[in-house]
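Colleague: Residue numbering for the sequence shown follows my numbering, beginning at 1 and increasing consecutively.
Quick caveat, the hints were computed from the structure, so don't treat them as lab data. Errors might be hidden in some of the hints.
Claimed, not checked - With a straight-line Cα cutoff of 27 Å, these simulated DSS-like cross-link-like pairs (lysine-lysine) come out:
id : residue 1 : residue 2
1  : K200      : K149
2  : K149      : K127
3  : K30       : K220
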Amino acid sequence: MRGNEINARGKLLVTVVRRSCGEKVVALTKAAGARGGTVLPCRGKSDARLDRLLGADDSLEDDIFTLVSDEDAPKIMNVLRAYEEKTGKHWQGFVVQVDIPAVLKQGTDYFAGGAPQRSEDMREETKEYVVCVIVNRGCADDIMAAAGKAGAGGGVILNGRGTAGEKDVEFLGIPLFPEKEILFILARPEQVDSILAAFKSEPCLTQPGGGIAFVVEAEKLIRLGKITG
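Work the whole structure out from these sequences, hints included.
Modeller: What follows is the structure, encoded as structure tokens:
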């Protein structure tokens, strides 16, 4: 994404690592061609039964959002792939690549890219999905528990702020809950329907203004080990 060209596509890399490793990830991706990244503190939820029993299923983590060009994405992912944890026993994070069909470019008045189209990567069979849920503050743990019963693994929780105002309450009849929680849950294709079905019985999502859930296809997924450097 160089210059001021209007027609542009991109990739969003969503990386979750242990707290204090976020800046290391940004440094690695910038060295590979990324222009920067946004690091957000988040809370991880373990899918390990023993962790839940011991009350140790919460962990402090960093969530990094990196928007890159189509041409830069492969080499940036390859840099992160050097830290891939292949045994499946000691992974400490992950990075998901998501297709971005349109990008608002700096220095233009256009929403670039035109009508969304699937990239070549997205035309391949997708093996992973990201279930995204936005709910009122205090509901994330209940939603995560419901997802776990439906077969989901762990997830990460970020804090956010809604934009509902007093007029929204008056005219739309929704309660004013400005404080939000955002969940990202990795899921396999066969798990998605059961996870969404489990959400339908959760009061946090069924009450008016309670929240929303949606699913994003992941082009690529790398499970990361320890980030060094």
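Colleague: For this structure, which hints from the list above don't hold up?
Modeller: none
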